[in-house]
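Residue numbers (the numbering used here), protein chains in the order written: chain P, 1 to 334; chain A, 1 to 232; chain B, 1 to 287.
If you are wondering where the hints come from, they were derived from the structure by calculation, not from laboratory data. Every residue gets a Cβ at the ideal spot worked out from N, C-alpha and C, and that includes glycine. One or more of the hints may lead you astray.
Chain A side only, calculated, beta carbon under 8 Å to chain B, not exhaustive [claimed, not checked]:
hint, residue
1, Cys88
2, Ser92
3, Leu93
4, Glu97
5, Met101
6, Ala104
7, Ala105
8, Arg106
9, Gly109
10, Pro110
11, Thr112
What follows is the residue order along each chain.
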Amino acid sequence: MMRKFAFPAVVLLAGVLLAVAPLFLDSGTLRLGAEILLVFAMAQMWNLLAGYAGLLSLGHAAFIGIGGYALYAAANNFNVPIYGGIVIAFLVAGGIAAIVAPLLFRLNDAYFAIGTWVFAEIVHVLVTKSDWLNGPSGLPLLAIRSMNMAEFPSITFWCAAALGVGTMLAAWGIMRSRLGLALVAVRDNPVAAASAGVDVWRSRFIAFVLSGAVCGAAGGAYFMSALFIDPNAAFDVNWTVILLFIVIVGGIGTLSGPVIGTAIYFALREMLLDQQGWFLVLMGGVAVLTALLAPRGIAGRGLLPASWQRRLLGAFRPAAAGAGRSVAPDAGNP
Amino acid sequence: MPLLEVDGLNAFYGDLQALHEISFTVDEGEVIAIIGANGAGKTTLMRSIAGLIRSRAGRVMFGGADITGLRADRVARLGIASVPEGRCLYPSLTVEENLAMGTAARRDGPWTLPAVYDLFPILREFRRRPATALSGGQQQMVAIGRALMGNPRLLLCDELSLGLAPKIVGEIYACFDRIRQSGLAILLVEQDVTRALQVASTVHCFLKGRISLSGAGSTLGIDAISHAYFGG
Amino acid sequence: MDWVPTIINGLLIGGLYGLLGLGLALVFGIMRIANLAHGEVIVMSAFLGLFLNQWLGINPLLLLPVIALVFFGIGYALQVGLLNRLLGKGPLPPLLVTFGLSTMLRNLMGQGFGADIHRIDSGSLPFISLHVAGFSIGVLPLITLAISTACFVALALVIGRTGFGRIVRATADDFHVVQMQGVNYRHIYGLVMGLALALTAVAGVLLGMRSTFTPYSGVEHLLLAFEVVVIGGLGSLWGPLIAGFAIGVVHLVGLRLDPSSGLLYPDLLFFLVLLIRPQGLAGLRRA
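Chain P on its own, in the form it takes in the complex (with noise of 0.2 Å):
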């Protein structure tokens, strides 16, 4: 019984501690940890639909930047106290993500990938062309001149902070309830689960919607923190490029690999902070060699030797991690 619970007792710890952060940390190193936390949320969420879902989306900055621009409409236009916002992000996003699955989900496997990111570019020429949203020369968050600004910091770190923290303990109870194994049954072989009664349709759209929405609101406390939010950076494509980055290091389709991807992507961004035209092609080939260099497909390794992985986070990983064993050919007539 403790032993189950385990995991989510320290990601409440770790919850508590960033709670009293602000009080310790200068604002400078409270907005990188937001941003820390907030890329980690969207990292959490991407992978539950790769790693779980077996669903690649190569454009989920769709989702980041319509949550962006939705809090900043909300917000700008609407009045709406800009820490709501976040919630508007979540349920627009979301909405959208709905309403464009049943689209994607006619494409298979590579086809949807690139699905995504045609979306994604619609929805990028779209806000461009927009003059609601003040098209290419951005917006800039004019709820803030209403606001005290001593606190915005530290209120906007708690936003990250309970978004990491909650998504990462959502992740965690998702894989123990029936969405998850349903998920990592479909991912493993479809038709399989498809025959044991799960519903393939409902579960990835289940995920694609939740990891869209999640997505939305913290693109949406993202630009908030920033700011300031343009069509360019709100769906620049190397979202995608970090995303993928971070789950392929720290192990696609693992709890704790999220973790260790995001701590590596930001370690390596503030090292090479004045070469990142190089720090992308570093993660380019990152995306490569692992893709090489993984035995039977990619699933529940990362760059890291699984016993570190356990010693981090103690091995909570799904139990169907051997998403890509190879099934024994003509087993049944040699």
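Fit chains A and B to the given chain P structure using the hints.
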């Protein structure tokens, strides 16, 4: 010198050992049959000889050369052609194109397109149809013709009779003589024990990856075969 | 009618759009690999065309065969050296590898060539027009359409009528069984990828003569090529050409109605096709 010599062959699927120390030979112009229950290792044997499965120990010698571990396409070009279980014709290709695929092995010999049409006249009628639009028996003819077009020295036939009416199977097996006369040896896997005994000079019975019985088709008794087939 | 020139021009560029998608369709149809670095191949071939034209002073149209050959080699090496290792491991690894490659190439080009915009100089060609039936048609777009169509015809003949094409089709059907006839499918895959990149490179150079490009243009080219493939439908080599024409017309008509829309209308056409006819215009199989 035998055309094909299998010596102490061991094959695995992962950790599961499917073949244990298999040894036998096939001489030029001979017809050898492998019988046995499902899962006994018959298709594994064919795949190992053809180069589709790596064997971990043992040797396969063909025409005096060691072909163990050779890649499947190299084995085919050396003169071993396969008629795989289930026919495996190319759905995007017509009958004639399927047959023509046999020439990819780049070997000269008596088996040309006209010769195959001579052997199986019905195929000439359907030459431009998609191969998978034909009946089961006709598809089997295409599969055999495709293998013959490679002018092999050894023909591997896996379960020719599977899913076919006995009359059709008879027609197909009736061609064996002509095939042998062109200089080929045939190694076949057959579910139909009676058919196997009729057509082959030597029959090997497989049981759980080992040869449980070998002998000339005419001299093997029903009891011996039964025992060797099912074990116990 | 004022719209006729727009539609004609849409058809003219449509041929090029079709060619842009052809390489992607070929590789996916034969090997089930989606090359996410496709856009970067287009940009790289444009850069090669740019440099060769600047160094040698030869008209880029005459450089096409050389550039095609270079990218044939690159394609073969990519397939045999890298992508063949991922066979049998599912759909994810090739996506990751090609996505990673696209990121690397895009940013390497950015580091090496900067963010300047370029166009390949084709002399006076862009300014010459023919006058046909009262309409003015540019010579360069006409040549582009001719070359694109010729590529389609050539590929269809190779795949449909030659022994090599027969082997390719058989390999696409069943790469295990094809070995039994002495075909080394890894080599065939290499040749197909080489062919695909060669075709793509031709399209890339033609595109580079027609519009500007930067190291970061690859993304929009990939998306356009992908739309061409999906709208055209898989399982048919002519699908991309038909789709190209449709997209070309929609794109130019859309730009005329809405000058800042970029690729929005083709994007919407893509989603429309997905909604009402997922197998594409000429399609035999769903994407």
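Cut-off 8 Å, beta-carbon criterion: hint that Ala105 (chain A) touches chain B: This hint holds: Ala105 (chain A) lies near chain B, its Cβ roughly 3 Å from the closest one there, short of 8 Å.
Could you check if Pro110 (chain A) really has its C-beta closer than 8 Å to a C-beta on chain B? Violated: closest Cβ of chain B sits about 18 Å from Pro110 (chain A), beyond 8 Å.
Take the shortest C-beta to C-beta distance between Ser92 (chain A) and chain B; is it under 8 Å? Holds. Min distance 5 Å.
May I ask you to test the interface hint for Met101 (chain A) with respect to chain B, counting a Cβ-Cβ separation under 8 Å as satisfied? holds (5 Å)
Have a go at the Gly109 (chain A) hint: is there a Cβ in chain B nearer than 8 Å to its own Cβ? Where the cut-off is 8 Å and the nearest Cβ of chain B is about 14 Å from Gly109 (chain A), the hint is violated.
Given Thr112 (chain A) as an interface hint, is its Cβ closer than 8 Å to any Cβ of chain B? Because about 15 Å separates Thr112 (chain A) from the closest Cβ in chain B, which is outside the 8 Å limit, the hint is violated.
Was the hint right that Ala104 (chain A) lines chain B, CB cutoff 8 Å? Since chain B brings a Cβ to about 5 Å from Ala104 (chain A), closer than 8 Å, the hint holds.
Proposed interface contact between Cys88 (chain A) and chain B, which counts if any beta carbon pair is under 8 Å: Since the shortest Cβ distance to chain B is 4 Å, the answer is holds.
Closer than 8 Å between Cβ atoms is the bar; does Arg106 (chain A) clear it against chain B? Give me holds or violated. holds (7 Å)
Mind checking the CB of Glu97 (chain A) against every CB in chain B and telling me if the closest is under 8 Å? holds (5 Å)
Going by Cβ atoms only, is Leu93 (chain A) closer than 8 Å to chain B? Where the cut-off is 8 Å and the nearest Cβ of chain B is about 6 Å from Leu93 (chain A), the hint holds.
Hint compliance for this structure: hints 9, 10 and 11 are not met, and every other hint is.
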